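Just so you know, we're using our numbering here: the sequence shown kicks off at -14 and counts up by one.
A few of these clues could be false.
Said to hold, decoys possible - Calculated lysine-lysine pairs in the BS3-like style (CA-CA distance at most 27 Å, straight line):
1) K24 x K87
2) K32 x K96
3) K32 x K87
4) K32 x K80
5) K13 x K32
6) K83 x K13
7) K80 x K24
8) K80 x K(-8)
9) K(-12) x K25
10) K83 x K24
11) K13 x K24
12) K96 x K(-8)
13) K13 x K96
14) K32 x K(-8)
15) K87 x K13
16) K25 x K87
17) K(-12) x K32
18) K(-12) x K96
19) K83 x K25
As the list claims (entries may be wrong) - For each label pair, taking beta carbons as the anchor points, the in silico distance ranges come out as:
20) E0 x H62: 20 to 30 Å
21) F64 x I22: 14 to 24 Å
22) V105 x Y(-9): 36 to 46 Å
23) M17 x K(-8): 49 to 59 Å
The set of hints was computed from the structure by calculation and includes no laboratory data.
Owing to the predicted nature of the structure, the values given are computational and were not obtained by experimental measurement.
A virtual CB, placed ideally from N, CA and C, is assigned to each residue, including glycine.
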Amino acid sequence: MRKYEYKPPRVHSGELRTPVYFYEEELKQSPMPGSNIYKKVFTSWAKVDNVWMKDLEVAKVNGTLSDVTITIRDPQHEFIPTNLHHLEVDAPEYKGIKFNIKQVQPDLQNKEFINVIAGVSK
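Using the sequences and the hints, build the whole thing.
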């Protein structure tokens, strides 16, 4: 018989130290390209990781290796991130970089969190 050992959760609230802002792109009626407006729709604290090995294949298929994996507390029905949203990480390393959300998945080890995989916007 296997001995039971307590395994602490992979992510806990104390690791959510980086502010993350979610944006929705509003189309502006203008002849100039790139003149769309980004409207902030949600703010959260997050744990920011570089791309995981399991997500590396997805990043290669999408043609980018500058993906990030963000773990946030599950906002329930207050906000549901989709691939139509953009996000910005409030950290000096990611200053001025907007990310497109590629995939949103629940954290199966801990139902209180969700994982958001995002790549650099062009």
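Cross-check of the supplied hints:
1. K24 x K87: holds, 19 Å
2. K32 x K96: holds, 15 Å
3. K32 x K87: This hinted pair holds, its Cα atoms lying about 17 Å apart.
4. K32 x K80: holds, 16 Å
5. K13 x K32: violated, 33 Å
6. K83 x K13: Satisfied, since the Cα-Cα distance of roughly 18 Å is no more than 27 Å.
7. K80 x K24: holds, 18 Å
8. K80 x K(-8): violated, 35 Å
9. K(-12) x K25: Answer violated: K(-12) to K25 is near 49 Å, above 27 Å.
10. K83 x K24: This hinted pair holds, its Cα atoms lying about 13 Å apart.
11. K13 x K24: holds, 12 Å
12. K96 x K(-8): Holds: K96 and K(-8) sit about 16 Å apart, inside 27 Å.
13. K13 x K96: Answer violated: K13 to K96 is near 38 Å, above 27 Å.
14. K32 x K(-8): Cα-Cα ~20 Å, so holds.
15. K87 x K13: holds, 23 Å
16. K25 x K87: holds, 18 Å
17. K(-12) x K32: Roughly 32 Å between the alpha carbons, so the hint for K(-12) and K32 is violated.
18. K(-12) x K96: holds, 25 Å
19. K83 x K25: holds, 12 Å
20. E0 x H62: 20 to 30 Å: Hint holds: Cβ distance 24 Å, inside 20 to 30 Å.
21. F64 x I22: 14 to 24 Å: Given about 19 Å between the Cβ atoms, the range holds.
22. V105 x Y(-9): 36 to 46 Å: Check passed, 39 Å falls within 36 to 46 Å.
23. M17 x K(-8): 49 to 59 Å: Holds - the Cβ-Cβ distance for M17 and K(-8), about 54 Å, lies within 49 to 59 Å.
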